[in-house]
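Undergrad: Let's have the full structure, built from the sequences with the hints guiding it.
Number of protein chains: 2
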Amino acid sequence: MTDLQPVRGTRDFYPEELRLRNWLFGIWRETALRFGFEEYDTCVLESEALYIRKAGDEITEQLYSFADKGGRRLALRPELTPSLARMIYQRARQLRFPLKWFAIPQCFRYERMTRGRKREHFQWNMDIVGQAGQIAEIELLSALVTGLEAMGLTSAHVRIHLSDRRLLDAVLDHLDVTADHLRVMIVIDKRDKVTPETLDALLVEQGLAPAQIARLNAIMRMATLAEIKAELGAVPAAVDLENLLGSLARMGYGDWVHFDITVVRGLSYYTGTVFEVRDRGAKLRAIAGGARYLSQDLDAGVQYPAVGFGFGDVVILELLADLKLLPALERQIDFAVIPFSPAEHAKALEIGQALRRAGLRVDGDFSGSNLKRALQRASEIGAARAVLLMPEELARGELVVRDMAARSERRATIAAFLAEPR
Amino acid sequence: MTDLQPVRGTRDFYPEELRLRNWLFGIWRETALRFGFEEYDTCVLESEALYIRKAGDEITEQLYSFADKGGRRLALRPELTPSLARMIYQRARQLRFPLKWFAIPQCFRYERMTRGRKREHFQWNMDIVGQAGQIAEIELLSALVTGLEAMGLTSAHVRIHLSDRRLLDAVLDHLDVTADHLRVMIVIDKRDKVTPETLDALLVEQGLAPAQIARLNAIMRMATLAEIKAELGAVPAAVDLENLLGSLARMGYGDWVHFDITVVRGLSYYTGTVFEVRDRGAKLRAIAGGARYLSQDLDAGVQYPAVGFGFGDVVILELLADLKLLPALERQIDFAVIPFSPAEHAKALEIGQALRRAGLRVDGDFSGSNLKRALQRASEIGAARAVLLMPEELARGELVVRDMAARSERRATIAAFLAEPR
Numbered sequence: 001m002t003d004l005q006p007v008r009g010t011r012d013f014y015p016e017e018l019r020l021r022n023w024l025f026g027i028w029r030e031t032a033l034r035f036g037f038e039e040y041d042t043c044v045l046e047s048e049a050l051y052i053r054k055a056g057d058e059i060t061e062q063l064y065s066f067a068d069k070g071g072r073r074l075a076l077r078p079e080l081t082p083s084l085a086r087m088i089y090q091r092a093r094q095l096r097f098p099l100k101w102f103a104i105p106q107c108f109r110y111e112r113m114t115r116g117r118k119r120e121h122f123q124w125n126m127d128i129v130g131q132a133g134q135i136a137e138i139e140l141l142s143a144l145v146t147g148l149e150a151m152g153l154t155s156a157h158v159r160i161h162l163s164d165r166r167l168l169d170a171v172l173d174h175l176d177v178t179a180d181h182l183r184v185m186i187v188i189d190k191r192d193k194v195t196p197e198t199l200d201a202l203l204v205e206q207g208l209a210p211a212q213i214a215r216l217n218a219i220m221r222m223a224t225l226a227e228i229k230a231e232l233g234a235v236p237a238a239v240d241l242e243n244l245l246g247s248l249a250r251m252g253y254g255d256w257v258h259f260d261i262t263v264v265r266g267l268s269y270y271t272g273t274v275f276e277v278r279d280r281g282a283k284l285r286a287i288a289g290g291a292r293y294l295s296q297d298l299d300a301g302v303q304y305p306a307v308g309f310g311f312g313d314v315v316i317l318e319l320l321a322d323l324k325l326l327p328a329l330e331r332q333i334d335f336a337v338i339p340f341s342p343a344e345h346a347k348a349l350e351i352g353q354a355l356r357r358a359g360l361r362v363d364g365d366f367s368g369s370n371l372k373r374a375l376q377r378a379s380e381i382g383a384a385r386a387v388l389l390m391p392e393e394l395a396r397g398e399l400v401v402r403d404m405a406a407r408s409e410r411r412a413t414i415a416a417f418l419a420e421p422r
Numbered sequence: 001m002t003d004l005q006p007v008r009g010t011r012d013f014y015p016e017e018l019r020l021r022n023w024l025f026g027i028w029r030e031t032a033l034r035f036g037f038e039e040y041d042t043c044v045l046e047s048e049a050l051y052i053r054k055a056g057d058e059i060t061e062q063l064y065s066f067a068d069k070g071g072r073r074l075a076l077r078p079e080l081t082p083s084l085a086r087m088i089y090q091r092a093r094q095l096r097f098p099l100k101w102f103a104i105p106q107c108f109r110y111e112r113m114t115r116g117r118k119r120e121h122f123q124w125n126m127d128i129v130g131q132a133g134q135i136a137e138i139e140l141l142s143a144l145v146t147g148l149e150a151m152g153l154t155s156a157h158v159r160i161h162l163s164d165r166r167l168l169d170a171v172l173d174h175l176d177v178t179a180d181h182l183r184v185m186i187v188i189d190k191r192d193k194v195t196p197e198t199l200d201a202l203l204v205e206q207g208l209a210p211a212q213i214a215r216l217n218a219i220m221r222m223a224t225l226a227e228i229k230a231e232l233g234a235v236p237a238a239v240d241l242e243n244l245l246g247s248l249a250r251m252g253y254g255d256w257v258h259f260d261i262t263v264v265r266g267l268s269y270y271t272g273t274v275f276e277v278r279d280r281g282a283k284l285r286a287i288a289g290g291a292r293y294l295s296q297d298l299d300a301g302v303q304y305p306a307v308g309f310g311f312g313d314v315v316i317l318e319l320l321a322d323l324k325l326l327p328a329l330e331r332q333i334d335f336a337v338i339p340f341s342p343a344e345h346a347k348a349l350e351i352g353q354a355l356r357r358a359g360l361r362v363d364g365d366f367s368g369s370n371l372k373r374a375l376q377r378a379s380e381i382g383a384a385r386a387v388l389l390m391p392e393e394l395a396r397g398e399l400v401v402r403d404m405a406a407r408s409e410r411r412a413t414i415a416a417f418l419a420e421p422r
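Chains as they are written, first to last, in this note's numbering: chain A, 1 to 422; chain B, 1 to 422.
If you're looking for bench data, these hints aren't it; they were derived computationally from the structure. For clarity, every value in this text was computed on a predicted model and none was experimentally measured. There could be a bad hint or two in this list.
Put simply, identical chains are the same to the list, so a pair is met inside one copy or across any two.
No more than 25 Å apart at the CA atoms, straight line, and that leaves these computed lysine to aspartate or glutamate pairs for DMTMM-like [stated by the list, open to error]:
#	residue 1	residue 2
1	Lys69	Glu58
2	Lys283	Asp189
3	Lys347	Glu242
4	Lys229	Glu17
5	Lys69	Glu48
TA: Okay, structure coming up:
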């Protein structure tokens with residue numbers, strides 16, 4: 001074995017890192033359950049066809065795809081939504097809508113790596129499917145804020161940048177852009193990733209005239225919905241967005257939510273509300289992103305209104321580390337059972353078994369190291385107490401229990417100790 | 001989207017299936033923690049080189065492997081042990097041995113599908129690394145039995161078939177087999193998968209003479225260690241195995257553990273104890289399998305004695321279903337909040353928010369369906385109580401709380417209800 005590193009762009013999780021991951025997943029899971037969502041999952045391996053789209057989504061270019069031994073074209077999922085759609089249409093007749101489903105899948109994209117960007121990440125996915133009105137957005141964004149709060153974050157750290165694809169569509173109409181609006185939007189989404197000059201050049205490629213580009217850039221710099229409305233008039237998308245912002249403010253989320261016309265998101269199938277969570281310093285990539293979309297089975301001609309978000313584990317853990325908000329999570333063991341010598345091994349196994357049957361977490365130290373080292377190890381593995389099995393005490397049916405934090409010891413008969421292990 | 005099915009050999013987990021998976025994973029995790037194991041994880045995507053071996057392991061032939069966009073040869077992991085070894089040697093100097101680590105990875109093998117055999121499964125992995133004596137086997141097998149018991153199984157349902165590769169090695173020595181013993185063992189491991197005639201032909205291919213094969217088959221039919229010892233003499237492997245069986249019997253696991261010379265396991269790097277969990281009816285594939293092995297970094301020349309097992313989710317769920325031991329796990333919601341009409345939506349959001357902040361699981365019904373249907377849905381989604389927001393009651397600052405099981409209703413002021421939601 002020559003290469004001990006994980007595959008470039010992927011991560012190993014040593015126990016201390018996995019405790020942190022479990023903490024984060026625990027917040028995601030608990031928040032989802034509190035909002036009445038049900039957990040589901042699909043396989044990381046999917047048909048490549050699910051991700052081949054026409055609008056130039058980055059996702060298609062970044063696929064990990066290959067043929068299996070049977071010649072099937074497969075891919076590691078870059079996102080979960082197409083799998084969710086597949087599951088829904090497979091059982092559309094049996095399922096009760098609206099669905100509120102969540103999952104924590106690992107997703108893969110072959111990307112150039114920078115800070116907060118690996119080639120895999122775990123992603124908290126929350127989707128409400130089959131509910132058209134803004135209530136779905138309000139419930140989903142409430143869950144998002146609740147999850148952020150549970151991590152110790154406030155609106156002083158992060159904000160939800162919110163817009164609506166239909167508003168940008170109205171802007172492009174207003175500017176008489178005749179090119180395919182979706183393709184133009186996918187270009188506008190690159191705004192943060194390329195220079196202003198490159199962006200202008202890409203817009204020219206899409207057929208926009210210099211005057212259109214100048215006016216578009218001016219609108220994209222507008223900070224308030226009022227300014228946009230003054231430019232476009234009270235188009236339906238602006239009115240809807242105003243209502244949504246009002247509802248969220250009444251829920252107490254006014255500080256959390258920030259109107260931002262530049263939010264587009266990169267996927268071609270989004271149809272309305274779009275949002276992303278960003279750190280206030282704008283130092284990191286988007287922490288989470290979501291949108292309204294139509295979940296549709298083209299064969300059956302059925303479509304469901306849906307809204308959902310994805311929230312990755314990589315960027316948030318970097319932000320929480322920067323803010324010193326990561327919890328200190330130590331290994332926890334109730335009892336370290338320490339036999340003095342091999343003569344006490346059988347007794348140690350027996351006592352360990354009795355404690356575990358009582359639901360306690362037990363580690364047995366059969367390393368043969370001396371008492372001092374064994375106690376040091378008990379302390380290192382996070383044992384609350386050590387049970388010492390010494391020849392003399394055992395001969396009298398007794399053992400020694402050491403409280404590791406208090407550094408105090410007591411003697412007890414084995415029977416009394418097992419009747420009430422402490 | 002034309003194909004709604006998951007990729008052949010892979011599974012979707014709808015919420016009712018995921019609840020069952022979480023139940024099983026919960027038992028695995030809780031058992032591991034009770035035995036003092038720490039959780040870790042690696043990426044499902046690994047370097048193909050980790051799995052290329054010379055001994056003709058089936059695993060190499062069944063790899064999902066491919067080149068990424070950078071030309072790296074990658075594979076979806078078929079098992080976790082090579083990744084574990086990689087992690088250990090990456091940090092060998094910082095880690096404290098013995099390690100007791102567990103994980104629940106998804107593993108992939110491109111296999112012909114039959115009952116209990118898919119192309120992916122989740123596998124409970126438990127490994128003790130850096131502990132040479134039989135205590136490691138005893139602790140590991142105790143954890144295995146504890147996990148099986150937590151699923152409701154007894155030794156009347158399943159048994160651990162136990163042997164030692166060194167014993168089979170001694171048998172081959174005894175028969176003067178000069179061919180590579182490891183390759184012969186890999187052939188013997190196919191015993192349950194091919195006909196006796198095919199097995200004999202494969203042994204001939206390995207260079208065994210008809211007389212050797214006949215004597216080998218006779219030994220493989222021996223049911224007790226005493227018979228084997230009568231044939232071979234008290235070879236060290238037989239003595240060790242006798243000691244291990246004795247220790248396990250003293251722990252109360254005598255009925256669970258069954259000596260079985262035919263157990264070999266398919267991996268080339270196993271060095272000692274080998275075992276598998278089998279259903280008593282022998283109707284299913286092995287439920288779990290494990291072995292002693294040497295975890296080694298060939299570059300560094302360091303090696304650690306290790307023992308571990310893998311326990312898949314597919315076969316056990318089939319067995320538990322056959323035995324009607326699967327729990328009935330329903331969706332659980334504390335409160336379904338039901339606004340009478342859109343006029344009560346804002347109040348419903350507010351009450352839902354207050355209940356969720358109190359840690360309760362809440363679903364809001366904004367479907368606009370009539371009260372009867374809304375209550376039916378509340379019952380279907382497993383709500384313990386429904387909170388009805390009716391115009392007249394709300395005007396008086398009151399709401400109606402319905403206990404879904406008792407079919408009883410009570411009125412309460414909003415303030416009183418939120419002070420003590422029940």
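Undergrad: For each hint, tell me whether it holds in the structure or not.
TA: Status of each hint after checking the structure:
1. Lys69 x Glu58: between (27 Å within a copy, 15 Å between copies)
2. Lys283 x Asp189: Within. Shortest intra-copy distance 18 Å satisfies the 25 Å Cα cut-off; inter-copy 56 Å does not.
3. Lys347 x Glu242: between (71 Å within a copy, 20 Å between copies)
4. Lys229 x Glu17: neither (48 Å within a copy, 48 Å between copies)
5. Lys69 x Glu48: both (15 Å within a copy, 15 Å between copies)
Consistency with the previously given hints fails for number 4 only.
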